[in-house]
Structures are given as structure tokens and as C-alpha cells.
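Line order of the protein sequences matches chains A and B. Quick note: the first sequence uses the numbering used here, first residue 1, plus one each step. Quick note: the second sequence uses the numbering used here, first residue 1001, plus one each step.
Bear in mind the hints are in silico, worked out from the structure with no lab data behind them. Keep in mind the model is a prediction, meaning the values are calculated, not measured. Every residue, glycine too, gets a C-beta built ideally from N, C-alpha and C. Among these hints, one or two may not hold up.
Label pairs and their calculated CB-CB ranges [stated by the list, open to error]:
id: 1; chain 1: B; residue 1: R1133; chain 2: A; residue 2: F76; range: 41 to 49 angstroms
id: 2; chain 1: B; residue 1: A1085; chain 2: A; residue 2: T170; range: 25 to 33 angstroms
id: 3; chain 1: B; residue 1: Q1439; chain 2: A; residue 2: P56; range: 51 to 59 angstroms
id: 4; chain 1: A; residue 1: L79; chain 2: B; residue 2: A1085; range: 31 to 39 angstroms
id: 5; chain 1: B; residue 1: E1167; chain 2: A; residue 2: L151; range: 26 to 34 angstroms
id: 6; chain 1: B; residue 1: R1076; chain 2: A; residue 2: T144; range: 32 to 40 angstroms
id: 7; chain 1: B; residue 1: G1063; chain 2: A; residue 2: Y74; range: 36 to 44 angstroms
id: 8; chain 1: B; residue 1: G1418; chain 2: A; residue 2: L86; range: 32 to 40 angstroms
id: 9; chain 1: A; residue 1: I250; chain 2: B; residue 2: Q1439; range: 53 to 61 angstroms
id: 10; chain 1: B; residue 1: D1255; chain 2: A; residue 2: D171; range: 46 to 54 angstroms
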Amino acid sequence: MTAVSTRSERAVSPSGPAPGIQPRRRLRDSLTHPRGTGIVLVLPAVIFVTVFVLVPLVVAVYISLTDFPLIGSYRFIGLTNYISALTDPAFGHALLYTLIYTAIVTLPILVLGYVLAVLVRRRRRGSTLLRTLLFIPYVVGLTTLSFFLVLEAQPGSGAVNIVLRALGITDGQTAWLVSGPLATGLICTLVVWAVSGLTMVLLMSGMQGIPSDVYESAAMDGATWWQAERRITIPMLRRTIILSLIISVIGSFLAFNQFFILTAGGPGTATTTAVLHIYNKAFVQLQLGAASAESILLIIVTGLITAVQFWLLRERDSGKGALR
Amino acid sequence: MEISRRRLLGLAGAGAAATIAGVLSGCSSTLPEPNVAAADFGSRARGTVTVWTRSATQTGMQGIVDRFHKAQSDIRIQLTPVLDAQYVTKLATAIRGGEVPDLVDMDDINSSLFIYRDTFTELTDLVNDLPYRDKLSPGHLALASLGDRVFGVPFLADNSLLWLNTELFDKAGVDPDEATQSIESLREALPRLTSAKDGIYAWSFPGNGQGALGFTFLPHIWAQKADVFHGKIGSQTGYVTENEPLRQTLEFFRDMWTQKCAPPSCFSDAATHWGSDFLAGKIAIFPGNYAAVVSAAPKSMLPKLKPVVIPGPGGGRCFFDGGDNLCMPRGAKNPSAAWEFAKFTLEIAQQQSMPTGGYTPIRSDANTASFQKQYPLDTTPLQNLDLGYAPQSLAYNVAINQADGPFLAMFRRAVFDGDVDGALETAQTGFDRLLKEVQA
């Protein structure tokens, strides 16, 4: 270990240092590695995090306190951008819309992902092919799928309308992308289909980690399939489910590509998400200062939502109050 | 090696502070202005000139670059096409980064934004010295100016006009000239020009394509000397709720929609197939540009076409003085060669070749007898240069050209939902808010 080790601190004799020996020096010694090895090992990560995470974050905080435009000079304006963001109805609407969108897609992604994981968790003939097919939408990505959907949602000529007309549900002339509710419904459907593959893989891995003898014992006790799922699988998947939920919620809260491509936030601002609003503020209105302030607020909101998720999903029976 | 945790954190902090200081010091946006007053500026220059062109008019610029390369060998043009939707952002980023092209061929409507931020080189004296200065499109020049100071030159025109299919007018027994005198005369003619059972409609508009819609809708209002932006650039407010020509034009489009004088596809048309219904012979009046109509039309259709300048609600006429300006960013590395190329693009021979790319010359003296004979459908704007207009505003891009801007929302709510008053009130708030933000 190295100078930053805490193990060496614990290795200090409870009786205290021997006379004539520098205690601080002993704290930094390691029994197995030369001094500084740990520093050298963590240095690349420290540099990486500093340059690509900490510095941009600090710069963003600084810029958020200025009226920094993409072109032109700037000056320090204190918290004005934050006050403007908090009183801007457009930003409030974008945050609210993002929350609603997140609320709509989160549960279907989890449920569909779970159902798909149940379908493919057993190692039997064809299961690998099925897993691949179900995971392909996630691999293809929301960006590509969104471009496809721009064409397939066209009134009259798009596949979505052709299928719905063939089924007798609509007249095939529905303009999906120029109505806020319709566009939201279509995008939610796309996202649930595309992203549930990731949840499937995560949950399937968790399911395959549950020892089979647990199920065998339950079967000997007469447990039905549903009872086994409810009493064994779901409780033992708790942490994986929490991980899936957190990934899904953060991803939904930061949604951008599908909205940018399919509706550009329109009609009006009906489908403008928080990130899309910030993007427009920065790169269309060219107001980096205001956009940085909104980004910082979004980071805080996302952090709060994640914290609430941790709190709601904590292991109450452990009495520790936190995910371990 | 002995580094304490405190020292490690201290070093990391110092590194971060140094990096931040470096990042922020690199954010200075004022680049040095080229010395355009030098005696031999714009002549006998050599080297490479980097030029950005927007994708919508790339064809026009590429043709001129090819001609320039043929005409001389001292200067080479390195042309970079940039998507229209990303042009402002990319140019602003380049300026912020201090790595600018020598010349930008940009949508003239966006010139004001950069000029106001003092990022372009002042070319007043150079432009005034041009022997054909008074022949240049005044609308383009206005967008390249701030007061009396000029920061660019017009390059090509892309104007909006009403394109008439005279065959459909004849079939309906409607006189094209009388019907297009004003919005009121159009209102009377539209039902007669519509024959839904034959799939013929009087008018077509991209109801979900804010850029093309602004290009063709706003001239109706400008024809009445009104605008949606009010005041001097930098301190403008929206002029919406009290704007009577705007209200009348929205009501005209609303009536057109409810009377089914426009095809149902207008509801969702984002201008992705702009003009295709007109070119199929199904539309009597198409508000559009030369490229979408003449460049794309089959030869057999050309004799049936007639362009007219867009009328206002109570008369008056106007067309969108769109197209491109050439501007030289501060910090240009080869400004002299860039100006030499800019002058080349303005020569009559180059300007008269514009229709081959789907555009219109920006010099009134390009409208010669031979030009009229060769391009009879591209002379209307040249004969009416004084009717061209485009607003000088820092908010045109955000208010009109964006899908989530107040203009498209206003249009859709008024025309498709029928709530003209509500649309105007909401738009007023939207325009004011955006103007306040971009002018801050």
C-alpha cells in the first residue's frame, strides 16, 4: 500500500509507536509494495477524472455565474442565471414534461424487461438467438431507430399508419409527430421497445446467479411458478432491479436524441425535454451561461431523484437504511 | 516517492485551477480584425482561402468555386459545407475557439447576429468602392449592415414568390393577375381553384415546416409594412397581438384550411417534399422559391408557370429577400485572397450563372436582355428589387426557424385549431421572452 493507504493505519500497534520511531513515517509504510506505488496506480484515473469531470464541472459552475454567450464578451452576474432558470416557465415546463415522460416509461421498461428475462433466462435451444433478437434494438440505438421512425410515422405512407389502417384502428392518416400527446405516446412506445432489452440482460444475469437448489427446494415444498417468482426471484433480484431502475430513470431524465430527431421539441414546446431545452439555450440561443445554470440545476434534480430512489428502495429489514 | 494525501489533493487542485484558467482565458471572443485598408488588399493575393458554405446553397457556391479555379491559379478555395441547422452554432463555436474560416457564405438572415456581436470584419470602404455598389440587392446589404457600417456583400438570392399553375387557373376560369392582387382577392379565388374530387387544391403550405413557412408566410405581413419584430436591433420587442396584417393573414390561412382549399397533407408537412404536390400539377398556387419550382419542374410544365410577388392583406407586395451574404470573420488568416474571391463572385458572369444552381442574381444589372431570354422565370425579383425585405433581428433564428419557437406554435394554433386570439397572445409572450434573452 501507499502513503494514502488506510490499511497501514489500521496496522499500527495499539500500544503505540516504539521510542525513537517516527509514527507518521510508519503510517505511510507498506509491507508489500514500494512507497508511491498506489499513487502511480491511481494517478491516471485521478488525472482522467480531474480533466474530464472535475474541471468541466467547475468551469460549468463558473460559466453559470456569467452571461457567457457563445459569441461575444461576458461578465460575472452572480446567481442571475439560476434565478432566471427557476422562474422561466419554459424550463419548468421542460422539467415537468421530462418527469411525466420518465414516469410513463419507467415501469413498462422494467416489466417488459422482466418478462423478456424470464423468457430467455433458461439455457435451452434457441435461447441465445432469442436473446440476441430481443437485445438488437438496444444495440441499434435510439438515434438510428428514431430516424427510421421519422419515416415510418408519416401519414399515409409510414409503416405505423399502414399497419394501423390494416387493423382497422385508424384511417392511416394520423400525423403522429405534430401532436404533443400522440408524439409522446409514439416516443414512449419506441423507448420501451428499444431499452427494455438492456433491462432484460441485467435481470437475466441476476436470475442466472440465483442457485437452482433454492428453486428445487421450493418445488419440493409445492411452490407454484408464480410463488417462486414472487418469493424467490424478485427478492433475490432486489439489487439488480434497483440498478435497472436507476439506470432507466437517469436515462429517461436525460432523454434527448429521440426527441431531437422526431419532434425537435415541437409542436411548440409540447415535447421539449429538459436536456433539449438546455441544448437549445446553449446552441440555438447561444447562451452558454444560462444553459450552464440550467445544467447544474438538472444535475441537482437528477441527483435528488436518484437519492429518493435509493431511499424508497432501501433494505428496510436490515435497519441500515441504505443500499449496500 | 513520498506524496501525502493532502499533497496529492493539492496538486490535483492546482492542476485543475491551471486548466480552468487556461480554458477560460481561451474564451476571449474578440479576434483581430484584418487590415482591409492596405494598398494592395484584394489583389495579387495567393494561397488557400477557407470558405464555409451552407448546405442549402452549396450547389451555387461550388459552381462559382469551379469557375474561380479555372480563371486563375494563385488562390485555391477550400470549401466546407455546413448543415443549415448547425451553421450558426458551428460558426459561433469556431469564433469562440479562435479558428475561423477566411470567408463565410451564410444565410443572410443570420448575418445580423454575428455583426451585432462584433465578430465580422468591417468592409464598408471596400463595398463602397465597388463600381456596381448601387446595383446590389438592398435587402441583402441591409442584413449585412449595422447602421452605415457594412460587414458583408450579397452573394446569391433565394426569394419567395407565389408560383401559379396557369393551366389550373384557366380551367377554373380565374384570372391570375386579378386573383393575386391581395389576400382578399385570393380569398375569393381559392374555392374556385379547388376541385377536391379531382385532387386539385388551390394552395399548398408546409404547416409543420417552420423555416419554409416563415419564408413564404411572413412576406404577406411585410407587404403591409408590418413585421413581427418591432424596434431597433438590440432593443426589439415582439409585435404580434396588435399586428393587424398578421391577424388577417392568419385568418386567411384559417379560412383556407377550413374550406379545404389546401390538401390535408399540409397539416403535417415539414417541407421535406416541399413543392412536390405543385410539380405534380395538383396545386394552383405554391408559395416557394425558384429552386423548388423551376429547377425541379419537368420541361413540359415550365410554360404553365407564372411567378408573382406575394401580396399583403390590403394590397402591397413583398418577397423574402433570402439567400446568402459573404462575410469575413475577424481573425481570417488570408483576408486579401478572401476578398479577391468575394469580388469574383459578384462579377456579372458569375451572377448570371446563378439560375443554373437554382438561385437568383443579387445585382439588378444582371437582368440583361440575354438573361431574360435565357431565364424568363428568374427575373421577377430582379425587376422588383425594392420589394424585397428580410427583418434585422437577433431572434429570427430562435423565434421563427426553430420547431419549438413561438412562430410555428402560433401558426398551428391559429390555422389548425382556429384559436387566432389565443395564438397571438401566446406568441407575443414567446417573442418578447426570446428577444429579451438574446438581446441581454
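Inset, instruction - Could you see if the CB distance from L79(A) to A1085(B) stays within 31 to 39 angstroms? - result: At 33 angstroms between Cβs, range holds.
Inset, instruction - Indicate whether the distance between the beta carbons of G1418(B) and L86(A) respects the range 32 to 40 angstroms. - result: holds (35 angstroms)
Legend entry - 36 to 44 angstroms as the expected CB spacing between Y74(A) and G1063(B), which holds or is violated: About 41 angstroms separates the Cβ atoms of G1063(B) and Y74(A), which means 36 to 44 angstroms holds.
Inset, instruction - Just tell me: holds or violated, for the beta carbon distance of A1085(B) and T170(A) against 25 to 33 angstroms? - result: holds (31 angstroms)
Inset, instruction - Hint says 41 to 49 angstroms; check whether the CB-CB distance for R1133(B) and F76(A) agrees. - result: holds (44 angstroms)
Legend entry - Outcome of range test on Cβ distance (I250(A), Q1439(B); 53 to 61 angstroms): With Cβ atoms ~36 angstroms apart, the hint is violated.
Legend entry - Outcome of range test on Cβ distance (E1167(B), L151(A); 26 to 34 angstroms): 33 angstroms Cβ-Cβ, so the 26 to 34 angstroms window holds.
Inset, instruction - Indicate whether the distance between the beta carbons of Q1439(B) and P56(A) respects the range 51 to 59 angstroms. - result: violated (29 angstroms)
Inset, instruction - Hint says 32 to 40 angstroms; check whether the CB-CB distance for R1076(B) and T144(A) agrees. - result: holds (37 angstroms)
Inset, instruction - Could you check the hint for me, namely that D1255(B) and D171(A) are 46 to 54 angstroms apart, CB to CB? - result: violated (25 angstroms)
Hint compliance for this structure: hints 3, 9, 10 are not met, and every other hint is.
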